[in-house]
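Chains as they are written, first to last, in the numbering used here: chain A, 1 to 318; chain B, 1 to 294.
Mixed in with the good hints, there may be bad ones.
Claimed, not checked - Listed below are several chain B residues computed to face chain A (Cβ distance under 8 Å; list not exhaustive): (1) THR98; (2) ILE100; (3) LEU219; (4) SER263; (5) LEU264.
Read the hints as simulated data drawn from the structure, not as lab findings.
For clarity, every value in this text was computed on a predicted model and none was experimentally measured.
All C-beta atoms, glycine included, are put in the ideal place defined by N, C-alpha and C.
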Amino acid sequence: MKQVLKNRLIIFAGLIAFYGIIQALISFNFLNDYYVVNIILMGINVILAVSLNLINGFTGQFSIGHAGFMAIGAYSSAIITYKLGLPFPLAILIGGISAGIVGILIGIPSLRLKGDYLAITTLGFGEIIRVIFLNTEYVGGASGLSGIPKYTNWTWVFWLSVITVVLIRNFVNSSYGRCCIAIREDEVAAESMGINTTNYKTLAFALGAFFAGIGGSLYAHNFYIIQPENFGFMKSFDILTMVVLGGLGSITGSVLSAILLTFVYAVLQDYAALRMVIYSLLLIIVMLFRPEGLMGTKEFSFKKLLNRRAAKNELTVN
Amino acid sequence: MKTFIEQLINGLSLGSIYALIALGYTMVYGIMKLINFAHGDIYMVGAFTGFFASTTLHLGFIPSLLLAMLVSTIFGVTIERIAYRPLRGKSKISILITAIGVSLFLENSGIILFTPRTRTYPQIFKQHVYSLLNGYVTISNQQIVIFVVSIIMMVGLQFIIYKTKIGKAMRAVSLDPDAAKLMGVNVDNTVSFTFAIGSALAAVAGVLVGIYYNSIDPLMGIMPGLKAFIAAVLGGIGIIPGAMVGGLLMGVIEAMVSGYGSSLYRDGVAFALLIIILIIKPAGLFGKNIREKV
Numbered sequence: 001m002k003q004v005l006k007n008r009l010i011i012f013a014g015l016i017a018f019y020g021i022i023q024a025l026i027s028f029n030f031l032n033d034y035y036v037v038n039i040i041l042m043g044i045n046v047i048l049a050v051s052l053n054l055i056n057g058f059t060g061q062f063s064i065g066h067a068g069f070m071a072i073g074a075y076s077s078a079i080i081t082y083k084l085g086l087p088f089p090l091a092i093l094i095g096g097i098s099a100g101i102v103g104i105l106i107g108i109p110s111l112r113l114k115g116d117y118l119a120i121t122t123l124g125f126g127e128i129i130r131v132i133f134l135n136t137e138y139v140g141g142a143s144g145l146s147g148i149p150k151y152t153n154w155t156w157v158f159w160l161s162v163i164t165v166v167l168i169r170n171f172v173n174s175s176y177g178r179c180c181i182a183i184r185e186d187e188v189a190a191e192s193m194g195i196n197t198t199n200y201k202t203l204a205f206a207l208g209a210f211f212a213g214i215g216g217s218l219y220a221h222n223f224y225i226i227q228p229e230n231f232g233f234m235k236s237f238d239i240l241t242m243v244v245l246g247g248l249g250s251i252t253g254s255v256l257s258a259i260l261l262t263f264v265y266a267v268l269q270d271y272a273a274l275r276m277v278i279y280s281l282l283l284i285i286v287m288l289f290r291p292e293g294l295m296g297t298k299e300f301s302f303k304k305l306l307n308r309r310a311a312k313n314e315l316t317v318n
Numbered sequence: 001m002k003t004f005i006e007q008l009i010n011g012l013s014l015g016s017i018y019a020l021i022a023l024g025y026t027m028v029y030g031i032m033k034l035i036n037f038a039h040g041d042i043y044m045v046g047a048f049t050g051f052f053a054s055t056t057l058h059l060g061f062i063p064s065l066l067l068a069m070l071v072s073t074i075f076g077v078t079i080e081r082i083a084y085r086p087l088r089g090k091s092k093i094s095i096l097i098t099a100i101g102v103s104l105f106l107e108n109s110g111i112i113l114f115t116p117r118t119r120t121y122p123q124i125f126k127q128h129v130y131s132l133l134n135g136y137v138t139i140s141n142q143q144i145v146i147f148v149v150s151i152i153m154m155v156g157l158q159f160i161i162y163k164t165k166i167g168k169a170m171r172a173v174s175l176d177p178d179a180a181k182l183m184g185v186n187v188d189n190t191v192s193f194t195f196a197i198g199s200a201l202a203a204v205a206g207v208l209v210g211i212y213y214n215s216i217d218p219l220m221g222i223m224p225g226l227k228a229f230i231a232a233v234l235g236g237i238g239i240i241p242g243a244m245v246g247g248l249l250m251g252v253i254e255a256m257v258s259g260y261g262s263s264l265y266r267d268g269v270a271f272a273l274l275i276i277i278l279i280i281k282p283a284g285l286f287g288k289n290i291r292e293k294v
């Protein structure tokens, strides 16, 4: 027990140190705005990828409409701060909750479907959400909402992504999460063991949507303007790509690939036209040579790494 | 009433184009259980080949159509060979991601090669509008061409699938690939052939769209591709008559929504329809519900 607590304290101290270093670099203007935007985007993408991984990777439900939930979070939080003038933390919360509620509403009917059909339905719901925003004059229709205050900063993004990762990790390791994994492995077997599959699928869907909503709130308050076009199915594919590339069912994989892909995207920014070609080729090549994703279902952990090294040392000593 | 008939004819012409694309989706899905996201972009390749065939090479309608079919077929078969075949039997989601990757690759290579601007398709047929029944029914010669060409293509497809040996192989593989292999069917060739036919049909749709709307661009494949896929699901994916009916239905509904409501809602209505159908009848209009065996 003490060991666990000690490890957690070490990780926590590491996180604070990491946060502090980046914050100091930003405060002293070592990183210009371009870097800051990309660092914030990395954090937002971590939230989105990890939350989608809960649905796709751990529960085995093939959802490709994540951008729709993100849009709900973005718009509802922007309404809270920009239209109603309420504080930002409340906006984040409302953004998450409203996306979560929509997640439940969409989840209950559509989770009766499986595999590709579910994928297409979620894609359809994502598009419907986009079309609804496109046709709502209150939020600016096609031209979108502009003039959203910029509240998102490194502090918010970093700690919210840490909270997201920790909560989803704990969820996955709880009995609820184990039920979700059982559903992924074999839905019929899970059901016959007495797991109420619909409940767990809906729960995972709602949680995933909730965090996507939070990601959306951060996104909305990072850029001056949001438009329905920002949340099309290409955005959903982007998030899905991060999840699959990192490995379905690996939280650390999602974190790493979200950071990596955002980085690749930023590096290729200078070659606008070529960027997407290189990006798509990269995608195809990785899938051809590592179809299970970079990490598979494994988690990266320092402890295991240290243990392995210790074991190796012992072997050499003997 | 006049608007209704007008929109019906518009919808049917748009619907035949959707149906042609949907056939490719449904055949590939039926045989490989893969949503081939790159199919919409094959349609774009077809449209551009048709465009260059008639502008640069000054070919007539039928030669450009054939050339477009040939080029798209080469693309379709190559994509299957390079990107999908090595992943056959691997997890579905990785093939799907590859398909998305291929789709992005084609779109963006298109932007680099052809520039993102919209191009005006040459008027291969001078537009004539025929008015029938005291002007109640108006139909343009372009719409007639679309109908005739799509009917020829669909009849041809039916012939290939039900009267030829390779068609029999396709049906066998879609029923059970392993059993087909045991009976001496070359699954690889059959899959390639399926991609070839699907891509050729998509190319026809591309050329027809160019003639009908007069404009093409490298990203033109995304939305029609998605809608054709919905049409395939609507009719029951893997079922060929289902794709035709689904495509026509989709076109008509879309035309009605734009004619009577707002065209901004067009895409939303298509997806809403899909979801309603899937929830009521998860296997599509023509599909049979098969209970999962344990």
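Verification of the hints:
For the restraint placing B:THR98 at the interface with chain A, the shortest Cβ-Cβ distance is roughly 4 Å, inside the 8 Å limit, so the hint holds. Interface restraint check for B:ILE100: the shortest CB-CB distance to chain A comes to about 5 Å, inside 8 Å, so the restraint holds. This hint is violated: B:LEU219 has a C-beta 10 Å from the nearest C-beta of chain A, more than the 8 Å allowed. A hinted interface residue such as B:SER263 counts as satisfied when its beta carbon comes closer than 8 Å to some beta carbon of chain A; here the least separation is about 11 Å, so the hint is violated.
The closest approach between the C-beta of B:LEU264 and any C-beta of chain A is roughly 5 Å, which is under the 8 Å cut-off, so the hint is satisfied.
This entry does not satisfy hints 3 and 4, going by the numbered hints stated previously.
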